[in-house]
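Read left to right, the sequence shown gives residues 1 to 1277 (my numbering).
Because the hints were derived from the structure by calculation, they are not lab data. Wrong hints could be hidden among the right ones.
Claimed, not checked - In silico lysine to aspartate or glutamate, EDC-like type, Cα no more than 20 Å apart, as pairs:
1) K648 with E683
2) K752 with E683
3) K289 with E315
4) K589 with D548
5) K844 with E905
6) K375 with D387
7) K512 with D444
8) K565 with D597
9) K579 with D548
10) K59 with E44
11) K543 with D597
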Amino acid sequence: MCVSQWTGYRGPVSPALPLLLLPLLLSFFSSTPPLAQGAISIPENYQVHNMSEPPELTKLPHSYTAFSHEDINLPCEATGNPTPTFRWVKDGEAFGSEREEFGTLKAQDEEETLDSYGGYYRCYASNTLGTAMTQSVHLTVEPQPVLLKQQRVDKKANEGDSMILACNPPNSSTPPHIHWMDRRMVHIKLNNRVMVGLDGNLYFSNLIKTDSRSDYICNAQYTLARTVLPLPAVHLTVMQSNDLVHGKKPDFFHPVGSHSSVQALRGDSVVLECLPKGLPTPKVAWKKKDGSLEETSGRVDSDSHGRWFRFDSIEQNDDGEYECIASNNQGSVSHSFTLTVEAPPYWVKAPQSLRYAPGETVRLDCQAEGIPTPKISWSINGELLSDVDDDHRRSVSGGVMILRDVVFADTAVYQCVASNKHGSILLNTYLYVVELPPQILTSDAKVYKFTEGGSVVMDCESFGSPRPHITWEGEDRLPLLSDPRVALLTNGSIIVSDVSHEDSGEYSCSIKHSNISISAHLEVYNQTVILNGPQDVRVLREKSALLDCVFQKDPRLIKYQIVWKKAEHKMQESSPDDKHTIFDNGTLKVTNIQSDDSARYSCEVITALGSVTASGSITVVARPDPPEGLSLSDVADHSLTLSWNPGKTHNSPIIEFIVEASEEQHTEHGRWRWEEWEKVPGEFNHLNLTLHPYCTYRFRVFAVNEIGRSDASHFSDHHKTPPAVPDRNPSGVRSESTDPKTMIITWDEMDKRFHSGEGFKYHVSWRGGGDTQWNHADVATPPYVINDTGTYTPFEIKVQAVNDVGGAPTPEPEIGYSGEDEPQEAPTNVSTDVKDSTVTVKWKEAQNVRGLLLGYKIYLQRLGLEVSRVRRSLGKQHQEREDKLERARERDREVVVHGIKTSEEVTGLRLYSRYELSVAAFNSKGEGPRSPPHRFSTPQGAPGPPASFRLESTSEKSMILYWSPPEETNGILTGYVVQYRKDLENSLLQMEAIKDPAVTHFELDSLDPSSHYIFNVIAKTILEGPPITRRGATALDGVAPSHINIVPSNTSLNLSWVHGERFRNHGFIIRYRRKSPGCDWLDSEVVNSTQGVYLLKGLLPGSEYHLMINDTQWENVTHTKGAAPSVMPGGFAARGWLIGLIAAILLLVLILLILCLIKRSKGGKYAVKDKEDKEGDSEARPMKDETFGEYSDADEKRSESQPSLCGESKLGSDDSLAEYGDSVDIQFNEDGSFIGQYSNRGPAPPGHESSGPASPDNGVPLPPIAPSMSTILDRPS
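Given only the sequences and the hints, what does the whole structure look like? Please build it.
Here it is, written out as structure tokens:
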């Protein structure tokens, strides 16, 4: 990017750059590491060939020790263009000749002594752009280490003594590694008693007998010399001693004294060592006196059994005071270390090797730290700055060198050296001043797509040295930098903030004073917006949740992606059967919600121009988990504290805990019952419980939140309480005596949980009313029976709970009685007071009840009506019938009076009736004798309504009312009242009085045919009873239907109509003819208007018919279904044989017609007068149902169809309703329902037949039947 090419450019950035560009600029400038002021970096796509490069060292020598000629190898390698040459300087003098291509130094002449190679070396690498040099390194040479002959060492000591076995290998500049081994090359086993010190000696804190051996061998390993030298074996003899029991106070082999100072250099490995001695073996502890060991980089070395405190790479803040303490049961000893950390020089800021354009100002920063503080010196191309000519453009201040207005001659390798008493470090940095031609590196005609409101970066990356000057123009050829929304970056690109659709178009970028330019095209799109994102939802476990992601995007953005994330992790799309389903509209469905589904969910809509995100959450709520960890504490004899830990709440706080207990000791095994003990608020997790003695308990706990109750927790441990005296006595102490002279004492048996101990029993006590002494008995269960107590004698009774520990508190006595017997006497002085249908019965209390009086029973019997008066009103025959019905209906009544009442009111008696009653007392044992019979009578009252009521209309203005006497006369029936009025609001009520009770019908004349009436009939005694009511209207003369619905089929027409309300039946004829030349009108049989349907049959398929009804204006034209009859083509008369055939057929038909007429004329005669008489009879009286539809054989013959010349026949109706419509006078049931038709009708028309079911071809639904007359006359008022 641009910043990697140029930094510190002070070009034309708009001063009006909005603050919103600041984050974008910061991210732009932080995309690469920062460079020095004015430095340039050549982009990879900049085209340049064979560019020169100053030398850069890639391999450097270091100081080391050589033991042979083969060990001498000082590397020195470098890169650069042209390829660098190498030369070496030894001890300040040139060493060897200049080298090309590689500069590594090796021993070439083995005749030279090894010592001649020892000294200080430095390597120089040079080309035309400068010289780089290495740090001065020291090559040490020494011969292979050799072991001189030494004497065998023998050592003797007593048990418990300390011991040092010394190891003195040959000296070397590279100290050897020491290994103590035996002759079999097995390491001596080390532990906290036996240790190898940093000096290589073997230390014994105290000797034991098994330490005796003759092959303690010290092996010195020289790694660089690749040599191992075994020293002579040491023979150690440990002698038995009696002083072991006394022990020895700790002391140190090393270090000596109580304090020592240690100086270390930063980064070195440092070990503080404390090797103790003493008996028993001392333990060693470390501490930092001026701080904490944990704050240091050191650690106690476990391999040394705590004897070393090791710093692998010591730091400056590790200095301070350290102390080791050795202790055993004899005492302790300590040693302190003052650790001082200094540092050789190290770099904290180093200059970079960079390229610069001419005229720039270059700053080289070279900063180093160390203890003591290092000094900084500078060299150019390996020469000290003091030996180089002064230049006013160059200034040096400590570790900073500044060069102003650099030119190509300033190209060189600069050396910075930092040094103090602990050493020096060197750094090579080149400064390369270069000139390069300008180039635009961004491709031409690049298209930029961005959304409105954002910031767009249009690239015009350029490079050159000196850097090129970039200009931008729009389609109007005006400079873009005049717009305050535009800012120019250092590499030539521009940032346009708050872009809009008006910014779309072509732009050009060019290098000033050249013909180099490119174009760019900007397209601005609408922003993608999430209109309805996921919400924060709470969902029950195992249910489903829907999270929406409704968004709007630019229609030009065809491709898009919806990504759902759960807790910032992408969710994969799945099939509809899986847990997570993402629908086409972006909605996410999560099924079978579980606790791990609680999370933040985000919906990200990704397009080619960016993305937009909205987030919500699913909070899974569920019943809480069961409580855990039930424990019993504060246990006393009969109390304890139950505690528990709440389970997971599943995002719904716990409202309460439910504690349940099960008492197991006194419950039948396998039938333990859990009972709720107490409810505890949700913020508590314990409960203090008071328990029953001598019981075994288990407890469990439920948690409850707003979702529901958890499963039960695991059971608590069993807890058994000790026995105690019962704390209560049985309840419900009473007598339940059943037999005379016997008293049964019983009580409610106590639950075993309240027995409180072994040997539980009931202590029963009783005494008579005048006795002072109590009688006692002990029983295991109730009841207890006492004999010879007399009949219904009172006693004091009590029952006490007792066990082996003692008895419950003494109970208060109750009153009990011995067994009862039936009462011996009946109540006396029975009397009655009658009022209408209610009688008040009174009596005197019964004596000698022999028990607790529970009440009285009144036995009531109805004897019948007041016979003498009824006979006068209704006659003997009617009275006998009434008495018979009354006896069948009436049953004896029994009225129970509870308590000690001596009167009772009995209701619901029959009026105008004779009654007999008696009274008896009763107790729990039974009923006593009844009192002598007592008779009384009830007065007359209002009768009931007439038993039946029907209407019969004889004309359009008259109506006959028929009724029957009431079932309950309640007195002497004196007659009836007939009331009637129009069924209109505020209509006048008219009445007719009938004083003869034997009359049960009445005719009303001059009624309005156009109105409905409400009719009432009321029976009378001394009072009027309730009415029986009917609604009705007179019948009207019938007419033919004026509207007929036609349903055609192939050979018939189904005609249907609705018969009008209240109209009598009317006969009519349907005339019809086929609309074809030569076809005449035909008549149907007589059709009844009450039929509602008629089937006209025998028609030709596919033909047109004209229909009409006599006496009305109705007519219609319709078609039958099916194909029309075929017409023979060609000339009919031209075929002679066909004419002859037709003539023969016509002759045969004519003969048949003549024979039929003769036969019919002989069998169709009848007496006209007989028929007229029959018609007159039908008008004079109603016909019975069995006479419906009667007709003579001659009538039937005359109704047979005759073939017409048009190929059709005259047919009758086949509908079953015709027979119903052919009935005669109207008949009514007792309730007034219609069963016939009005009179004044002739017999059924001849030829009327009952139709069977319609064929499949003619299957049509029956039309609505005209309402019967009963619906007209019997509508409720």
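Results for each hint:
1. Under the criterion of a C-alpha separation no larger than 20 Å, the hint pairing K648 with E683 is consistent with the structure, at around 14 Å.
2. Pair hint K752 plus E683 does not hold up; C-alpha atoms about 35 Å apart against a cutoff of 20 Å.
3. Note on K289 and E315: the hinted pairing holds, with a Cα-Cα distance of about 18 Å set against a maximum of 20 Å.
4. In summary, the hint linking K589 to D548 is supported, as the alpha carbons are separated by about 9 Å, within the 20 Å threshold.
5. With a CA separation close to 15 Å, the supplied pair K844 and E905 stays within the 20 Å bound.
6. The straight-line distance between the Cα atoms of K375 and D387 is roughly 18 Å, inside the 20 Å bound, and the hint therefore holds.
7. Proximity of K512 to D444 is assessed by CA-CA distance (about 17 Å); at most 20 Å being required, the pair is judged to hold.
8. For the hint pairing K565 with D597, the CA-to-CA distance comes to about 12 Å; that is within 20 Å, so the pair holds.
9. For the hint linking K579 to D548, the alpha-carbon distance of about 16 Å falls within 20 Å, and the restraint holds.
10. Restraint check for K59 and E44: not satisfied, since their Cα atoms lie roughly 26 Å apart, outside the 20 Å limit.
11. For a cut-off of 20 Å, the pair hint linking K543 to D597 stands: about 11 Å separates their Cα positions.
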